[in-house]
Amino acid sequence: MGDRTQIQQGWRRTGLWLAVVALFGLMPRPLLAAEEGEGSENISEVLIHHTADGYYVTLEPFVTIELPRLFLVRTPEGSWRLDVFGSTASALHSDRYVADYEGQRYESPAELEELIAAHHHLYAELHPREGELVLDLSITRHYMFGLIAALLVLALFIPVAQRYRKGIGRTTAPRGVLQNLAEVFIVFVRDEIARPNIGEKADRFLPYLLTAFFFILFCNLLGLVPNLGAATSNLAVTGVLALFTFLIGTIYASKDHWKHIFWPPGVPVYVKPILIPVEIMGLFTRHAALAIRLFANMTAGTLVILSLIGLIFMINALFGALAAWLSTLPSVLLTLFISAIKLLVAFIQAYVFTLLSALFIGMSVAEHGHEHHEHEEEGNETVVHAVPTSDEAQVAVHG
Amino acid sequence: MNLILAASLVSLEPGLIFWKSLTFLLLLFLLYKFAWKPILQALKEREESIDASLRRAERALAEARQIQAENERIRREAEQEAQRILREAREEAERLRQEELQKTRVQIQQMQAQARAEIEREKQGALDELRAVVADLAIQAAEKILRESLDADRQRRLVEQFLESLPASKN
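Those protein sequence lines, which keep their order, are chains A and B.
Here the first sequence is numbered in this note's numbering, starting from 1 and rising by one per residue.
Here the second sequence is numbered in this note's numbering, starting from 1001 and rising by one per residue.
The following block holds chain A by itself, in its conformation from the complex (with noise of 0.2 Å):
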C-alpha cells in the first residue's frame, strides 16, 4: 500500500516536472511566433527560421544577438584573408560586404541599413565586395547550442570526476546525486552498451561512446530549454558526430574487417565484384543514417512543436479571434503531449546513436576467429539456456 502511494506520489511529480518543462518549452514560442507573424503567411517562414541554423541567439521577448561573422576570403590578389566581425550588422557596415536576400542583392549602404532595419539581414547570404569566399566560418546558433551542452557537459562531469579523485566512489560507495546519476549513466554506456556490442576492446572506446552520449542528450535536453534548440537539429552537427564513429571505426578497424568488405567471404568468386561495391557503400550509408535519424528526430520534434503552435495563428487568419482562442487549448494540450515525448526521444536518440556507434564500432574491430569462437559460444549459450526454460515452460504447465 505504502509502495503504490510512494509510486503514484512519483509519478505526479514526474507529471508535474513534465508539464513545467513542457509549458516552459512552449510558452515563449506564441509570444515570438505573434510579435513576428503579422499574417499566417509567415508561420511557415518562422517556422523554418526557428528550426533552422541562423547566425543569430534570441533571448525572447528581450533581445536577439547577433553572433560572430567570420569569413575566409580569397582575394583578387590570390592571397588569403580572414575576416572578423562582431555580428552581421557590423559585417554590412564595414562597407566590404554585400547581401543577397530573397534573390535580390544589397550593395549600397542606404539599401543595407533598410535591410538592417528590417531585421532580413540575419537570413541574408554575405558576399565580399572583393574577391571570392572561401569559407564562411561564422558562428552559428547551432554552433552556439552546442558549445552551451559541451560546457555544461564539462562542468557536470569534472566535478564528479573530483569526487572520484578525491576517493568518495572509489573505495567508499559514490554520495550525492549528482555523482549517483552521473555514475549510472556511465555504466549503462559501459554495461549495456560498449561491452556488448564491442566486446573485450569496449574500454578503449568508451571515452568517445561516454563523451557522444552525454554531448547528444545534453544537446536533445537543451532543444527543450526556451529561446534555445537543439545543435543535433542540424545535419552539420549531427554528420560530424557519425564522422566521428566512422573514423574511429576506420582507424581502429582490424584486418579482417577490410578483408570482409574487399573480399567478402562465404560467397563464390563471381558474386565477390558485385558484394564488394554494396559493403563499401554500406560503410558509408550506414554511418549516414546515423546521422540523418538522429538530425531528423530533433528536427521534426521541433517541427511538430512550432507546427501545432502555428496552428492558432492559422485558425486566427482563416476563421477569427475566436476559433483561435478555442484552438488554444487542445493545441496547448498536445503540444504539451510533444513536449514531453521530446524529453523521451532526447535520451531515446542518444542511446540509439552510441548504441549503434558502438555496434559500428564492434563491427569493424571485431577479430574473425575470435568473433566466430564467440558466436559458437553464444550459441551453445543459447542452447544450454532453452533447455531450463522450456523445462520451466512444462513445471508452469504442470503446476
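Some hints here could point you the wrong way.
The calculated DSS-like cross-link candidates involving lysine-lysine, where the alpha carbons are at most 27 Å apart (straight line), are [claimed, not checked]: (1) A:272 x A:255; (2) B:1037 x A:166; (3) B:1033 x A:166; (4) A:166 x B:1044; (5) A:259 x A:272; (6) A:201 x A:255; (7) A:201 x B:1103; (8) B:1037 x A:201; (9) A:259 x A:201; (10) A:201 x B:1033; (11) B:1033 x B:1044.
Hints listed in this document are in silico derivations from the structure and should not be mistaken for laboratory results.
Could you slot chain B onto chain A? The hints should help.
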C-alpha cells in the same frame, strides 16, 4: 521560397562542420583527460575491490563453515569420549561395589564362623568346668560321708541332701 528556406534545414554548412569538429575534439580530449579517465579508473578500482571483498568474504565464510564443522566434530567426539568415560566409571563403580559387597559378605561369614566357634569353645569350657566342679563336689560329699561313719540311712539321707543341693539343671 519556402522550399528554399526548407532546404536550409538540411544544409551542411562547412563552417559549422569545421567548428563543430574542433569543439567536439576538444570536448573529447577534455572529458577524456579530466572526467572519463579518473571516473572509469575509479569505477574499475571500486568494482575490483568489491569483487575482491566478495571473494574474500566467500572464502572467509567457507573457512568459517569448515571451522564450524571441525568444532562440531570435535564437540561430538568429546561428548562421545565423556559418555564413554562416564559409562566406564559407572561400570567400575558397580564392579567395586559388587567386590566390596562380596568381601563384606565373606567377612561376615568369617565373623559368624568365628563367633560360632568361640561360642562352641566357651560352651565346651563351661561344661568342662562344670564337670570339674561336679566331680569336686562329689569328692567333697564322699569325704563328708566318709568322715561321719555312716549308716545306711544316713548315707541315703546324705546322698539325698546332696542331690537336693545340686542346682536344678539338666547338664
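Looking back at the numbered hints, which does the structure fail to meet, lowest number first? Violated hint (a single one): 7; every other hint is consistent with the structure.
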